[in-house]
Amino acid sequence: MSDKKTILSVKDITMQFGGVVAVNNLTLKVREGEIVSLIGPNGAGKTTAFNVITGVYAPTNGEVKFHGNTIISNFPKGKMDKLYAGENKGKYKKTLEPTPDKITKLGIARTFQNIRLFKELTVLENVLIAKHMRMKANIFADTFRLNHKEEQKMREDSLELLRILDLYDVKDEIASSLPYGKQRHLEIARALATEPTLLLLDEPAAGLNPQETDELTDFIKDIRDKFHLTIFMIEHHMNLVMDISDWIYVIDFGKQIANGTPVEIQNNQHVIDAYLGVADDE
Amino acid sequence: MTSTAFLQYCLTGISIGGIYALIAIGYTMVYGILRLINFAHGDIFMMAAYFMIFAMVDFALPWYVSIVIVLAATVLLGVVIEKVAYKPLRNSPRMSIMISAIGVSYLLQNLATYLFSALPKGYPKIDFLMKTITIGGISTSVVTFITPILTLVFVFVLLQLINHTKIGMAMRAVSKDFETSQLMGIKINRVISFTFVIGCFLAGVGSILYFTPRPSVYPLVGSLPGLKCFIAAVFGGIGSIPGAMLGGFVIGLSETFIKAAGYSEFSDVFTFILLIVVLLFKPTGLFGEKITEKV
Amino acid sequence: MTEQKKHKLSILFSVIAIVVLAIALVGVNKFTAPTYMLRTVLQLGSIYALVAVSMNLLNGFTGLFSLGQAGFMALGAYTFAIFTIPVNQRAGVYYLYGVADWLANIELPIVAALIVAGIICAIMAAIIGAPVLRLKSDYFAIATLGFAEIVRIIVGSSPMNRVTNGSLGLKLIPKFPNFYFPFIVVVICIFIVWLLINSSYGRAFKAIREDEIAAEAMGINLAKHKRMSFIISSFFAGIGGALMAMYMGAITSTTFNITLTYNILLIVVIGGMGSLTGSIISSFLVIAAREWWLRFLDQPFFIAGVQIPLFKSGFRMVVFSIILMIVVLFFRKGIMGTKEFSWNFILKRMGKKEKTPVGGEGNE
Chain A
4 MSDKKTILSV
14 KDITMQFGGV
24 VAVNNLTLKV
34 REGEIVSLIG
44 PNGAGKTTAF
54 NVITGVYAPT
64 NGEVKFHGNT
74 IISNFPKGKM
84 DKLYAGENKG
94 KYKKTLEPTP
104 DKITKLGIAR
114 TFQNIRLFKE
124 LTVLENVLIA
134 KHMRMKANIF
144 ADTFRLNHKE
154 EQKMREDSLE
164 LLRILDLYDV
174 KDEIASSLPY
184 GKQRHLEIAR
194 ALATEPTLLL
204 LDEPAAGLNP
214 QETDELTDFI
224 KDIRDKFHLT
234 IFMIEHHMNL
244 VMDISDWIYV
254 IDFGKQIANG
264 TPVEIQNNQH
274 VIDAYLGVAD
284 DE
Chain B
476 MTSTAFLQYC
486 LTGISIGGIY
496 ALIAIGYTMV
506 YGILRLINFA
516 HGDIFMMAAY
526 FMIFAMVDFA
536 LPWYVSIVIV
546 LAATVLLGVV
556 IEKVAYKPLR
566 NSPRMSIMIS
576 AIGVSYLLQN
586 LATYLFSALP
596 KGYPKIDFLM
606 KTITIGGIST
616 SVVTFITPIL
626 TLVFVFVLLQ
636 LINHTKIGMA
646 MRAVSKDFET
656 SQLMGIKINR
666 VISFTFVIGC
676 FLAGVGSILY
686 FTPRPSVYPL
696 VGSLPGLKCF
706 IAAVFGGIGS
716 IPGAMLGGFV
726 IGLSETFIKA
736 AGYSEFSDVF
746 TFILLIVVLL
756 FKPTGLFGEK
766 ITEKV
Chain C
13 MTEQKKHKLS
23 ILFSVIAIVV
33 LAIALVGVNK
43 FTAPTYMLRT
53 VLQLGSIYAL
63 VAVSMNLLNG
73 FTGLFSLGQA
83 GFMALGAYTF
93 AIFTIPVNQR
103 AGVYYLYGVA
113 DWLANIELPI
123 VAALIVAGII
133 CAIMAAIIGA
143 PVLRLKSDYF
153 AIATLGFAEI
163 VRIIVGSSPM
173 NRVTNGSLGL
183 KLIPKFPNFY
193 FPFIVVVICI
203 FIVWLLINSS
213 YGRAFKAIRE
223 DEIAAEAMGI
233 NLAKHKRMSF
243 IISSFFAGIG
253 GALMAMYMGA
263 ITSTTFNITL
273 TYNILLIVVI
283 GGMGSLTGSI
293 ISSFLVIAAR
303 EWWLRFLDQP
313 FFIAGVQIPL
323 FKSGFRMVVF
333 SIILMIVVLF
343 FRKGIMGTKE
353 FSWNFILKRM
363 GKKEKTPVGG
373 EGNE
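Chains as they are written, first to last, in my numbering: chain A, 4 to 285; chain B, 476 to 770; chain C, 13 to 376.
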């Protein structure tokens, strides 16, 4: 496995809000083509870690590399200089805090724990919006339809995507009118429309019924293969996680407590104590 | 500028600042609890002035009775506005409730124009407030002198109320987290009504103090002071009562000195520039709390 | 009915509708007296429609609650007036303070001045947009309101005497060259906004309105798109202000006070935040109601010789504001909500009547 290229590398990331350390010195790697899961109890800092990787929060310390290039980097300064309670202070000297849209442009797409669709817009519009970023025409050309061909292609690509993800039949429905499971699919479709190489899924199975959860396993593997993706996800459904993951990271109180293959994790005493418990999968 | 003149301006500035502070408290409290800029607050202040004219001129009541009536009527008006125009929208987007506030402001102005005509009306004189007193070479009217004192007294009482009573605790809880405090059994409607009672009571007091030394009232008279007081509240950090007081005094003083320097045309421009500068460099004001959105 | 057929039909209907409206307009022009109320309502209504659409682009489509419209209108109106008041009459207009030397001999054709007015507003929006757009919802609203007041006060202040004529205001601004002029300008402007709304950038604006965080996660540069929306909205508000100046012929800084912004906002709300057709319909309805249909409320009213007491000057605006409050409280979506008028809807109705099976095109 180690012969695969590392696509995402998170180094010494600490995220501190005031005096609260939400993520503490987190280091992890995601290799190309793999499905990697991040698990841990509620409040362990999983979503915060995602928010750092996607640029929603600038980390307090540490750096993130994507395809070998440093995309995010920061160190404690200003008020944080004194307040800082994490490790590796002084190791990083650069400040690089791109906004989320810049990260998405680089090829990292995400979904949200509590579905954030453009509720009042149609399914097709939701996907078209995700394509907007790759548009070359400026606002003037676009308004006066001087880029007719580009627009046409955007539309065709989006419809094709909807067809693949089995959403074509509902393309003109308002997003919020879809059943919950379909909304999750649409969120993934929308993320795929940004043409990512790395897809971050934040609890994709939350709120799904058992049957839908089962289907999700195949669905995720499917899109990984079809779109040549690497997938990094947060999930609480242990069956799903153990089934699907090539590698698992476990964090608790913002700190990594273990990482390994599903089998290793299931037998790791630390993880069982902190999170898995005994003979119970939730 | 001689030192007497300087002191004179200081007193004038502090006095008008005190009035701004009283009105700003109404904005800041309502915003703290409902996250609503109560655009109608300036017009409530204007209506209070008309109530005074009604009581003292039309019904020829003595000033002490009139003041009670004015305060009661102003408070009632505020509470009714909340019940009719804001309460039904409590669960809708913040934009709708703000639009409703703008609608109420529009309605009050038109109503005042209809009832009292657009022409300025003379404000009744309360004799003892207009008496001139001289302290250390500065001569001023009683009202100018007592305004800052009254302001400080009211702010002190209000802070005691908020920090040391049950309803005060409820108000603090609601402003921290609306939903959770509801779940904790706080009667949210009572708290909100009470906030409006305090806000409008202070606006009524402010109105009496503001108009006593001024000649007349007209329907649009509340909108500019209203905006300035909102700016005072933003300056001090919206939601913070000491902040609103400080903001009121800062705006009152700077306005007075700009006028004294001969730039009276631009005193309001200064206030608005102050607003934009504060918003840009310290969006939560001097004493405001930082709010981060949860993703 | 297939999509293509529907599309063709709706284009056909639109063309017919435009022709009918144009003929109606010619009819109004030919057969009504110049002072007839309908003419006023149509002209003023169309100007308000443009300004309401420009505000809707920001408030309804991009989700930025701006209260600065009157400020940009003032800027547009004054820019237009300064460049179009006939040179030989300037001495009379600026009789008290005189006219600034650089300005004395510049006179632009009307259309050029309209565009200049728009561009000046766009530049101003670009300048103030960068800092102000960082503010969140109601802070943004109050900052834009502050900006509008600053513009108004500065325009009417004494250091500007030789340019804007200070508190005296400007007069002898060229009137509309003909009855159709405002309609042509407004139709062109609104058509451009319509094209924009339905373009990819327009969709990006709507995405920002729906959910900023999700929009950003989809790669939409929030700062850039908000700025574009703000600039374009201001551009058209400036043109609207210029048209207003032409309509009135004389302006002072008090013309553009906060009440004007409130008026426009309320038109947008009645029409539906996020609906262009809503804003247009509502502009004409509101102007017709305010200037024409409700006029009788301001006159003494008699039934069988007995005067009904409520009817006197000012009652019209009270009734008007009560109607407004009812819309705000009970019909929050306004006339159109976020929907647009479409022939499809009407066609669907017809289709159902004819019992033609609706193609399996998704719309169940």
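There's no promise every hint is true.
As the list claims (entries may be wrong) - Okay, derived cross-link-like pairs now, DSSO-like style, lysine-lysine, Cα gap no bigger than 27 angstroms in a straight line:
# : chain 1 : residue 1 : chain 2 : residue 2
1 : A       : 68        : A       : 185
2 : B       : 558       : C       : 351
3 : A       : 174       : C       : 345
Said to hold, decoys possible - To give an idea of the chain A side of the interface with chain C (calculated C-beta under 8 angstroms), a few residues:
#  : residue
4  : 103
5  : 113
6  : 115
7  : 133
8  : 135
9  : 138
10 : 139
Just so you know, the hints here were simulated from the structure itself, not pulled from any lab data.
Each residue gets a CB set at the ideal place from its N, CA and C atoms; glycine is no exception.
Each hint tested on the structure:
no.	hint	in the structure
1	68(A) / 185(A)	violated (33 angstroms)
2	558(B) / 351(C)	violated (31 angstroms)
3	174(A) / 345(C)	holds (24 angstroms)
4	103	holds (4 angstroms)
5	113	holds (6 angstroms)
6	115	holds (7 angstroms)
7	133	holds (5 angstroms)
8	135	holds (5 angstroms)
9	138	holds (5 angstroms)
10	139	violated (11 angstroms)
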